[in-house]
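**Student:** These are the residues of each chain, in order.
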Amino acid sequence: MAKQLVLGAVAYDAKVVPIWEGFKAYFEAAGLPFDYILFSNYERQVEAHLRGEVDVAWNSPLAWLEAERAAIKRGRTAEAIAMRDTDCDLTSVVLVKADGQVRETADLRGKRIGVGADDSPQATLIPLLALAEAGVEGAVVRHDVLPGKHGDHIGGERDAVKALLAGTVDAACVIDGNRLAFTREGLFGPSALRVILQTAPYDHCNFTVLDGGPSSIGRFRELLLAMSYEDPRVRPLLDMEGLKVWKPGRTSGYALLERAIDRYKTIEPWLAQLS
Amino acid sequence: MTLDLGDLGLDEGAHLLIKRALARDPTVTVRGSSATLGIDLPAWARAQGHSVSAHGGTFVLSRGPDRWSGAERAGAVGAPEARAPAHWGLAARGALVERGAPELDLPLSTRSEVWADEAARLYAQAAAAQWDPATAIPWDAPIDHPDEVEDAVVQVMTYLIENETAALLVPARFLGRIHPHFREVMQLLAIQAADEARHIEIFTRRAHLRRDVLGLSTAGGQASLASLFEEPDFAIASFLLSVLGEGSFLSLLWFLREHAPDQCTREVARFSAQDEARHVAFGLAHLQRHVTEDPQLRERLAAAIGRRHASLAHTAGLNAEVFDALILLAAGSWDPAALRRGHAAVVDLQRAMDDGRKQRLSRLGFAPDQAAALSALHTRNFM
Chain E
3 MAKQLVLGAV
13 AYDAKVVPIW
23 EGFKAYFEAA
33 GLPFDYILFS
43 NYERQVEAHL
53 RGEVDVAWNS
63 PLAWLEAERA
73 AIKRGRTAEA
83 IAMRDTDCDL
93 TSVVLVKADG
103 QVRETADLRG
113 KRIGVGADDS
123 PQATLIPLLA
133 LAEAGVEGAV
143 VRHDVLPGKH
153 GDHIGGERDA
163 VKALLAGTVD
173 AACVIDGNRL
183 AFTREGLFGP
193 SALRVILQTA
203 PYDHCNFTVL
213 DGGPSSIGRF
223 RELLLAMSYE
233 DPRVRPLLDM
243 EGLKVWKPGR
253 TSGYALLERA
263 IDRYKTIEPW
273 LAQLS
Chain S
928 MTLDLGDLGL
938 DEGAHLLIKR
948 ALARDPTVTV
958 RGSSATLGID
968 LPAWARAQGH
978 SVSAHGGTFV
988 LSRGPDRWSG
998 AERAGAVGAP
1008 EARAPAHWGL
1018 AARGALVERG
1028 APELDLPLST
1038 RSEVWADEAA
1048 RLYAQAAAAQ
1058 WDPATAIPWD
1068 APIDHPDEVE
1078 DAVVQVMTYL
1088 IENETAALLV
1098 PARFLGRIHP
1108 HFREVMQLLA
1118 IQAADEARHI
1128 EIFTRRAHLR
1138 RDVLGLSTAG
1148 GQASLASLFE
1158 EPDFAIASFL
1168 LSVLGEGSFL
1178 SLLWFLREHA
1188 PDQCTREVAR
1198 FSAQDEARHV
1208 AFGLAHLQRH
1218 VTEDPQLRER
1228 LAAAIGRRHA
1238 SLAHTAGLNA
1248 EVFDALILLA
1258 AGSWDPAALR
1268 RGHAAVVDLQ
1278 RAMDDGRKQR
1288 LSRLGFAPDQ
1298 AAALSALHTR
1308 NFM
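In the order they appear, the protein sequences are chains E and S. When we follow the working numbering, the leftmost residue of the first sequence carries the number 3, and every step to the right adds one. When we follow the working numbering, the leftmost residue of the second sequence carries the number 928, and every step to the right adds one.
Treat the hints as calculated values from the structure; they're not laboratory data. Predicted model, so just to flag it, every value in this text is computed and none were measured. Idealized CB from N, CA, C, for every residue including glycine. Be a bit skeptical, because a hint or two may be false.
Said to hold, decoys possible - Estimated spans, in silico, between C-beta atoms of each pair:
| hint | chain 1 | residue 1 | chain 2 | residue 2 | range |
| --- | --- | --- | --- | --- | --- |
| 1 | S | ALA1013 | E | GLY220 | 57 to 67 Å |
| 2 | S | PRO1029 | E | GLU135 | 46 to 56 Å |
| 3 | E | ALA50 | S | PRO1034 | 18 to 28 Å |
| 4 | E | ALA27 | S | ASP993 | 21 to 31 Å |
| 5 | E | ALA108 | S | THR954 | 21 to 31 Å |
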């Protein structure tokens, strides 16, 4: 039997199983032997990747930087080979109550800032960096849902908004698209909250490979990029994973997060303990 | 094209205007004055797979991949297709069906197997003719016949309940196997099952009016019904149940309407006979169509009667208690002259059932002698 290409993914939700089972069937049908391993947190996944236990990792932006920096530390290289169309050019926004006392960003100085999980690029690290670079630092109130999953679970952002509505924080940080999603859910009305700050665009997840990986990675990438939303056999997989088109990977969209983790030394303890 | 959203935000429904514009034109320039348009529009477009670029205060959207590419219309709303593919699934007839929908196991998927042009009319008639058992039946009408005549009524009701239970379950089992593209047939079978549910209710209530226990249920009667219940072929099951069984039951219900000793029982029979007549009409209509399209079906139907007769040969057929109960019920008393009249009425009933079966068989194209032979082989349990 030809050697299987092994993918690593983090199980941030039960739907992760049908997603990767579906991809497995798709790759196998196309003649690419494929399997996957699920991890409970990104750090364990990156470590397994470094040990060669997986060939390609579906990484959060923070996990990408972890993999890249750990690889550099070992004289190796990491590459982002593909990403979703929906991973490109996200922004985060800082919300405040429309009828509250916070009128501009500077008013948040020293106030309670509701964020998502400690390790969430989109709901914590990047918006806090944007506030800090605007000269604003406050008391950070975290809404940790599933630590180690880098904020993949939307629950942390929802909890931050609930806290803002309840008045236990003065601002809440969420992804731009989740602001719309929360209004659709009826969590708040269109005029209840105001956007006081929008971050610069940044990128989200990517498929990461390390140097020395198997040649089948090329075929894996080809097959990914060939998936068409108009093909009814693969459309359910793309819907579940939240994209219309796979795009070639790029790493130009991680600069904000790099600045954030440098500022907050987010991954230093983890990087230091790597043998 | 250019779309001006005014002050309507994407958090207030503006996406409908954008979707409508993109359906007409693959590239749309959008502008608006909502405070969060610059945040919401790129986020919404990203999630939808549309590309977006900002030019000052305006945004240019280009339509992304289309979920509806290759979608197929599930026939025309007015009339069914000859064959309904499994991938149309539960979609309404005439709907545009996205490719990739799950394929359901709906084996009765050809018009020739299930369709009758009369289905829509019969369904409409059935829907209009639904009646309320609580008010339609004179439950308080006097019952002043002798106790043993009441026992006979209870025995006949017990027998009717058992048979109507089969008449509910048999179409209900096929209902889940008929492709819903044949909507009118599905609706008709559903209302037929509801009819039978109501019949079971009124027969039970009539039996229970003066008695706390019901009558007898025989192994032979149940064997006859089991052979209907287990029939896997829709055409054969319709033939045995609706054309022959319910057809014979019509005669029985008319008999009860005429000879029952109390008004309540007579009305119970009258109302249920109205419904049963529709069931027989549909069975006949779709089998007439089916036989025209597939003349060999007639031989299969004839063979099915023979098979059923052979399989029930070892059973007693109609239980003697039901037969005797019908005589006593029609007699209304133990008076010998009355019993003679009752007996003659039951003999006439059996002749009427036989005549009715022969007439319906001839409508399906059976020659008179073959119809007579087949009618004689019909189960002695009537249903």
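**Student:** Does each hint fit the structure? Answer for all of them.
**Tutor:** Do the hints match the structure? See the list:
1. ALA1013/S / GLY220/E: 57 to 67 Å: violated, 38 Å
2. PRO1029/S / GLU135/E: 46 to 56 Å: The hinted range 46 to 56 Å holds for PRO1029/S and GLU135/E, with Cβ atoms some 50 Å apart.
3. ALA50/E / PRO1034/S: 18 to 28 Å: Since ALA50/E and PRO1034/S have Cβ atoms about 48 Å apart, the given range 18 to 28 Å is violated.
4. ALA27/E / ASP993/S: 21 to 31 Å: The hinted range 21 to 31 Å holds for ALA27/E and ASP993/S, with Cβ atoms some 24 Å apart.
5. ALA108/E / THR954/S: 21 to 31 Å: violated, 40 Å
The structure is inconsistent with the numbered hints 1, 3 and 5, although it conforms to all the rest.
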